[in-house]
Amino acid sequence: MKKVFDSKWFSIEEFRYNDEDFYRLLTQASVVILALNTNKDLILVKQFRPCVNKFTYEMPAGSIDKNENPLNAAKRELYEETGFKSNKWDFLGSGIIRLERENVNNFFYFARDCHQEKNFKCKEDIKVDFFSQKKFSQLVQNNEFDHIASLPSIIWAKLKFSVNIL
9 MKKVFDSKWF SIEEFRYNDE DFYRLLTQAS VVILALNTNK DLILVKQFRP CVNKFTYEMP
69 AGSIDKNENP LNAAKRELYE ETGFKSNKWD FLGSGIIRLE RENVNNFFYF ARDCHQEKNF
129 KCKEDIKVDF FSQKKFSQLV QNNEFDHIAS LPSIIWAKLK FSVNIL
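Throughout the sequence shown, residue numbering follows our numbering, covering 9 to 174 in sequence.
Please note: incorrect hints may appear among the correct ones.
[To be verified] Simulated crosslink set (DSS-like; lysine-lysine; CA at most 25 Å straight-line):
#1 131 - 93
#2 135 - 93
#3 48 - 142
#4 96 - 48
#5 48 - 129
#6 168 - 93
#7 62 - 131
#8 54 - 143
#9 142 - 62
#10 166 - 83
#11 10 - 93
#12 96 - 54
Just so you know, the hints here were simulated from the structure itself, not pulled from any lab data.
Start from the sequences, fold in the hints, and give me the full structure.
Dropping the structure here:
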């Protein structure tokens, strides 16, 4: 295996399998948070993504820092992006988003009864928005929810906790 590209965000590694060249994206493990406020509304963030040149609605998410456990990363990311905290956290599951190009785990968490800290100011250019079940369903049906990697959390919440987000 040899590294063919390296940046502060990711690197690309080339390797051979069955006499063919393959490339693997190496990134930090990450967390995705399915968060509901005390009104049971879904907490989403809206931010501009230069890669797709548009504003996107997403679940709070981010990388796990070195020597940080996934739950602490989820708590940190939820707070950093939204100013919300929760005392009710459940692990939903983990998995690899793109099996054909990555080998890093993503960890999915469910945060309930989230409450926003007073005087919170986000350091990033992120807008927090709240979605009822109906409003979120419309967002998905209208193809306005781009954070496809977060959809497993909706399935796990339904199967494990009988919580219907759609």
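So, going through the hints one by one against the coordinates:
{"no.": "1", "hint": "131 - 93", "in the structure": "16 Å, holds"}
{"no.": "2", "hint": "135 - 93", "in the structure": "16 Å, holds"}
{"no.": "3", "hint": "48 - 142", "in the structure": "12 Å, holds"}
{"no.": "4", "hint": "96 - 48", "in the structure": "13 Å, holds"}
{"no.": "5", "hint": "48 - 129", "in the structure": "23 Å, holds"}
{"no.": "6", "hint": "168 - 93", "in the structure": "22 Å, holds"}
{"no.": "7", "hint": "62 - 131", "in the structure": "20 Å, holds"}
{"no.": "8", "hint": "54 - 143", "in the structure": "15 Å, holds"}
{"no.": "9", "hint": "142 - 62", "in the structure": "24 Å, holds"}
{"no.": "10", "hint": "166 - 83", "in the structure": "21 Å, holds"}
{"no.": "11", "hint": "10 - 93", "in the structure": "42 Å, violated"}
{"no.": "12", "hint": "96 - 54", "in the structure": "24 Å, holds"}
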